[in-house]
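A.B. asks: Protein chains in written order, with this note's numbering: chain A, 505 to 760; chain B, 13 to 234.
If you are wondering where the hints come from, they were derived from the structure by calculation, not from laboratory data. Be aware that one or more of the hints could be misleading.
Said to hold, decoys possible - Example chain A residues on the side facing chain B (calculated, C-beta under 10 Å, incomplete):
id : residue
1  : G521
2  : G564
3  : G584
4  : L587
5  : L592
6  : A594
7  : R598
8  : A599
9  : H611
10 : A672
Said to hold, decoys possible - Each computed BS3-like pair below joins lysine-lysine, with the alpha-carbon atoms no more than 27 Å apart:
id : chain 1 : residue 1 : chain 2 : residue 2
11 : A       : K624      : A       : K643
12 : B       : K130      : A       : K613
13 : A       : K624      : A       : K649
14 : A       : K570      : B       : K130
15 : A       : K624      : A       : K613
16 : A       : K649      : A       : K613
17 : B       : K130      : A       : K624
18 : A       : K613      : A       : K643
19 : B       : K172      : A       : K649
As the list claims (entries may be wrong) - Per the computed footprint, the stretches of chain B lying under chain A, defined by three or more beta-carbons under 8 Å from a beta-carbon of chain A, are:
id : stretch
20 : 121-134
21 : 143-150
Heads up, the beta-carbon is just placed ideally off N, CA and C, and yes, glycines get one too.
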Amino acid sequence: MMTQPKASAGALISTIGLFKYFGDTLILDDINLTVQRGEVVVLIGPSGSGKSTLLRCCNGLEIAQKGIVEICGERLSQQGQLLPERQLDALRTRAGMVFQSFNLFAHLKVIDNITIGPRKVLEQHAEESRRLGLELLDKVGLADKADAMPGNLSGGQKQRVAIARALAMRPELMLFDEPTSALDPELVGEVLQVIRLLAAEGMTMIIVTHEMNFAREIADRIIVMDRGRIVDSGTPEMIFGSEANPRTRSFLAKVL
Amino acid sequence: MIDFDFSPVIENFGSLMHGTLITVEVVAVSMILSCTLGLLVGIGRLDTSRRLLYGICSFYVFIFRGTPLLVQLFIWYYGLPQFGISLPSFLCGVIGLGLYSASYVSEIVRGALQSVDKGQHEAARAIGMSRRVTMRLIIVPQAIVRIIPPLGNEFISLIKNSALISLVTIHDIMHEGQQIISVSYRSLEVYLAIGAVYLVLTWSVSRLLRTFENRLHTKGIQ
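Kindly produce the complete structure, drawing on both the sequences and the hints.
C.D. replies: This is the structure we're talking about:
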């Protein structure tokens, strides 16, 4: 019997040999990725290169037909099989996710958007979760919006609430799926500022983004994807420097 | 010139009101049954990958939406006793109306639930909510605003369809009216009075739901 390859120790996220298809289209083509605790990894690459799909595989919103995903030392999925629902739900609380289109719960006040997870999933007391929620709102600069409805917020404010909502679960890692792509240009800065704050606190993060300057500034490591493959990987200096591989340089030439 | 004589209506006002009360009781209980069952069946038809559940729920809608209410009522009232099951007429009325209406409500529910953005579901699952909790706390509350207008239509149909329960010997307003006609022969006046009563009932329900809908909107739920 073939032994399963073991994910490297100390890694918070690791994927081994991920292959994913949508129908006949190959979306992820042999992805091997390891993210250490405290590391900030930024995924860049052309649209349709599989960045978001890879990110979504890291919390089981998508499932790869082949390969293994491990997060927080537990096996999330292997060869197209997700963990059983209960364990999956428990594991998901440890990985926060921020979406391009915010996905705030439209029927709940800002503070309830943040506290509903701690209350209903972690079974925290209402008072404690509210105190924590207000603290987080303060952290993202929205202490005065606790009782607002999401529909009355700007895009940048919505995304900051979404980040606070994810943080309320006290996750060990954060996944950002193009967090600023749906924002007006003048609102991008306020969201990036919050992500910087998290990086400074040592949060482990994978960030999919088209903000190249931000990627260069915040990443410990940049991974370049193209047509479902990781084509380049290295420090910002390497990726944005002259020794980067030709595909990276041609991608960067188009976006910079 | 038609010679109106509303005196039979006035003289039998008490029994008409009593019939109205019965109609309201049957309709109210049917609505509860219809909404509860309609919600469950609607949710059951959301996920086609759960074959058995989906199949049972679809079959339910197929049968109860596809056959006349009158036939269903007669089966409950006249058909079941052949199996030794005799239900009281009130119960037959409630079950007949409730199950018939639930098949429509389930489609309303299904449509509204499917209209909630997929991102809401993903965001809830991403913070570790189970399917069930996501449905209860995130999806259903947002679908309710979209359920209300078509549900209002369905409730109005339910009230009007309830006239048929007089045929399974429930002493509703229709039945009381026919009793009065059989003695007084004033059909037009009595049916006009009955029509007016149904109009008041349907109007009240639509006002009630309108108020509820407005309240949800002022709470900021879109």
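A.B. asks: Each hint needs a verdict: does it hold in this structure or not?
C.D. replies: Structure-based check of all given hints:
1. G521: Nearest chain B Cβ about 25 Å off; hint violated.
2. G564: Holds - the Cβ of G564(A) comes within 10 Å of chain B, reaching about 8 Å at its closest.
3. G584: violated, 15 Å
4. L587: Cβ of L587(A) sits 12 Å from chain B, so the hint is violated.
5. L592: At 9 Å from the nearest chain B Cβ, L592(A) passes the 10 Å test, so the hint holds.
6. A594: Result: holds, 7 Å to nearest chain B Cβ.
7. R598: holds, 8 Å
8. A599: Holds - the Cβ of A599(A) comes within 10 Å of chain B, reaching about 8 Å at its closest.
9. H611: holds, 5 Å
10. A672: Since the shortest Cβ distance to chain B is 8 Å, the answer is holds.
11. K624(A) with K643(A): Status holds; Cα separation ~23 Å.
12. K130(B) with K613(A): holds, 20 Å
13. K624(A) with K649(A): holds, 22 Å
14. K570(A) with K130(B): holds, 25 Å
15. K624(A) with K613(A): Status holds; Cα separation ~16 Å.
16. K649(A) with K613(A): With Cα atoms ~9 Å apart, K649(A) and K613(A) stay inside 27 Å; holds.
17. K130(B) with K624(A): Given pair K130(B), K624(A) holds - Cα atoms ~20 Å apart, limit 27 Å.
18. K613(A) with K643(A): holds, 18 Å
19. K172(B) with K649(A): With a Cα-Cα distance of about 47 Å, the restraint between K172(B) and K649(A) is violated, given a limit of 27 Å.
20. 121-134: Our answer is that it holds, as 4 residues pass the Cβ test (under 8 Å) against chain A, meeting three.
21. 143-150: holds (count 4)
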